[in-house]
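*Asks:* Listed below are the residues making up each chain.
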Amino acid sequence: MPIYSFWIYDRHCNCIFSREYGTGIHESSTVILKSTPKRKGSAQFTPNPSYESTSSLPTSSHSTQNSSISTGRGQKLLSSALNTHKAQDIIQKGTVNTQNNNNTSKLLFGTLFSLRKIAVSLCTPQAETQQEEEFNTSNLNNFNTLQSFHTLNYKCHYYETMNGLRFVVVTHPAARNLQSSLIEIYHSIYLPTIVRNPLAPVEYRADEVISNDRFVHAIDEYWTSLEETLT
Amino acid sequence: MLYSIYITSRSGSLLYQKDFKTVNSPITKQRSNDYLVIASTLHGVHAIASKLTPPDAVHNYQKAKTLANSNRTGLREISTSRFKIFMNQTVTGIKIIVFASPDMDEARFAAIYDKIYEHYCNYVLKNPFYQLDMPIRCQLFDTHLNSVVAGCNV
Amino acid sequence: MSKQIKQLGDDVWKTKVEKVNSELFTLTYGSIVAQLCRDFNNNYEEVNAQTYKMGYNIGVRLIDEFLQKTQLSRCSSFRDTAEIVSKVGFKMFLNIVPNITNWTSDMTTFSLILTENPLADFVELPDDGKAVKELWYSNILCGVLRGALEMVQLDCEVGFISDVLRGDETTELRVRLVQVLKDEIPAGEE
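Protein chains in written order, with the UniProt record's numbering: chain R, 1 to 231; chain X, 1 to 154; chain W, 1 to 190.
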């Protein structure tokens with residue numbers, strides 16, 4: 001269930017972070033399948049985040065010798081190694097902050113913005129005083145929240161904080177509701193690496209993006225650690 | 001639970017809109033102009049959503065168990081915390097949009113959609129005095145739609 | 001594919017379609033044509049145009065009925081369209097299955113040979129010498145097809161080129177695809 005992309009918009013509707021992921025489906029899965037027999041049971045093959053796919057591949061003669069090694073452990077190693085490989089692949093085939101200002105980003109934001117407006121306005125009670133009306137029509141009331149939308153091709157999950165930050169992730173349509181993941185990212189990644197980081201700006205200027213390495217790595221790690229991403 | 005039904009023409013104008021009196025419906029009454037805005041927004045967003053398909057995802061629809069109809073790449077479902085919106089489009093471009101409670105799923109929507117479409121064919125299109133692409137004011141259609149809604153809001 | 005389409009046509013006919021008395025249907029249509037002939041003083045060109053127009057107005061509505069009952073999605077080729085028109089469309093509404101022949105080499109034009117025609121069951125054209133040359137008695141069918149195909153973005157020309165009522169050997173209906181109205185295909189489809 002691949003994750004296609006991840007976006008953050010600030011309260012001025014600017015895209016301050018965009019991350020595209022390779023899906024690991026089309027090219028990479030066939031590569032993995034082809035190389036699977038070679039690796040089977042190879043003891044020297046350990047999961048390693050900085051593992052590079054071609055250089056450390058054991059030769060085929062090697063694997064025939066070692067094929068008697070207990071399959072249970074081998075399998076487990078294999079699957080986690082495969083996952084690491086795949087995770088690496090997903091991360092490497094993607095791009096960071098290349099899409100912030102293109103049409104996709106703007107259309108995505110526009111779509112979410114319109115849907116959010118529908119969601120909220122349909123649940124907004126009739127205002128009785130002017131002050132109440134002002135309150136109701138303010139951009140950020142809480143009568144209803146948009147969670148996700150999907151087509152047959154993809155699903156888009158949405159989470160908006162009270163101060164107008166918007167987190168968006170685009171996945172395969174069969175994905176479960178990932179809003180909780182977006183909330184978690186806000187709490188456990190965005191807060192420590194951006195908000196508590198004295199060097200990160202509070203208000204992003206136009207064209208300014210999050211390029212903090214710790215943040216990017218944490219995000220990558222989070223998405224690739226999800227069961228769904230790799231299966 | 002069904003809250004509202006909208007039908008839009010192929011150019012995105014609102015042909016029919018009805019909020020149903022449902023207990024606990026979160027949907028409040030809007031000005032009549034707002035309904036037009038919502039309908040045309042959904043119409044536009046439906047098309048944009050199709051354009052937003054990630055390049056790696058363009059073939060996902062082939063594996064989906066779809067309604068055997070024609071909304072392959074457009075927007076189908078919107079979830080909010082208080083209601084869901086389901087949309088489907090006929091080959092002729094009419095959109096049937098259903099607002100329902102969050103527990104509604106795609107399969108039940110498919111059944112409801114089919115009923116609505118059938119009644120639309122029977123009591124709107126077969127009514128000789130109905131003009132195509134004009135707002136639907138057909139008493140019989142109302143009655144039958146009400147019974148569909150009553151049937152699933154029990 | 002062709003077999004599946006035929007099966008679909010049969011199923012829809014058997015399970016989903018309401019049947020009416022065919023005499024009532026035939027006589028109703030007959031009296032409309034006859035009345036039109038009287039109204040236009042046997043100006044058969046005009047009668048053809050009127051029945052075509054009536055058919056068109058039926059077609060643009062009937063297509064949704066057809067789609068709803070058959071659950072079909074868009075055809076991938078005009079050849080499929082021909083199959084579906086004949087084996088599902090005609091089957092469903094008239095319980096006949098015209099033969100598809102005379103494809104042009106560019107696959108944009110085909111003929112439907114109506115081996116039977118419920119509209120014309122009891123009909124003899126008036127022998128004023130003009131009717132057999134000018135009147136297309138069942139022209140309403142052309143209008144229906146034209147209207148229905150237009151609503152699924154296939155701009156077609158439809159017309160009779162022969163009719164057993166006129167003494168021809170077959171009743172042949174010609175369908176020519178002028179263009180696919182690409183701009184009007186609703187978003188959400190390829």
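Some clues are possibly wrong.
[As the list claims (entries may be wrong)] No farther apart than 35 angstroms at their CA atoms in a straight line, the calculated lysine-lysine pairs in the DSBU-like style are these: (1) Lys182(W) to Lys130(W); (2) Lys130(W) to Lys69(W); (3) Lys182(W) to Lys117(R); (4) Lys53(W) to Lys182(W); (5) Lys93(R) to Lys21(X); (6) Lys126(X) to Lys53(W).
These are computed hints drawn from the structure, not numbers from a lab.
*Asks:* Confirm or reject each hint.
*Replies:* Hint by hint, here is what the structure shows:
1. At roughly 41 angstroms between alpha-carbon atoms, lysine 182(W) and lysine 130(W) are farther apart than 35 angstroms, so this suggested pair is violated.
2. Simply put, lysine 130(W) and lysine 69(W) have alpha-carbon atoms about 41 angstroms apart, too far for the 35 angstroms limit, and the pair is violated.
3. About 32 angstroms separates the Cα atoms of lysine 182(W) and lysine 117(R), which keeps this hinted pair within 35 angstroms; it holds.
4. Proximity of lysine 53(W) to lysine 182(W) is assessed by CA-CA distance (about 24 angstroms); at most 35 angstroms being required, the pair is judged to hold.
5. With a C-alpha separation of about 51 angstroms, the suggested pair lysine 93(R) and lysine 21(X) falls outside the 35 angstroms cut-off, and the hint is violated.
6. With a C-alpha separation of about 16 angstroms, the suggested pair lysine 126(X) and lysine 53(W) falls inside the 35 angstroms cut-off, and the hint holds.
Violated hints for the displayed structure, listed by number in ascending order: 1, 2, 5.
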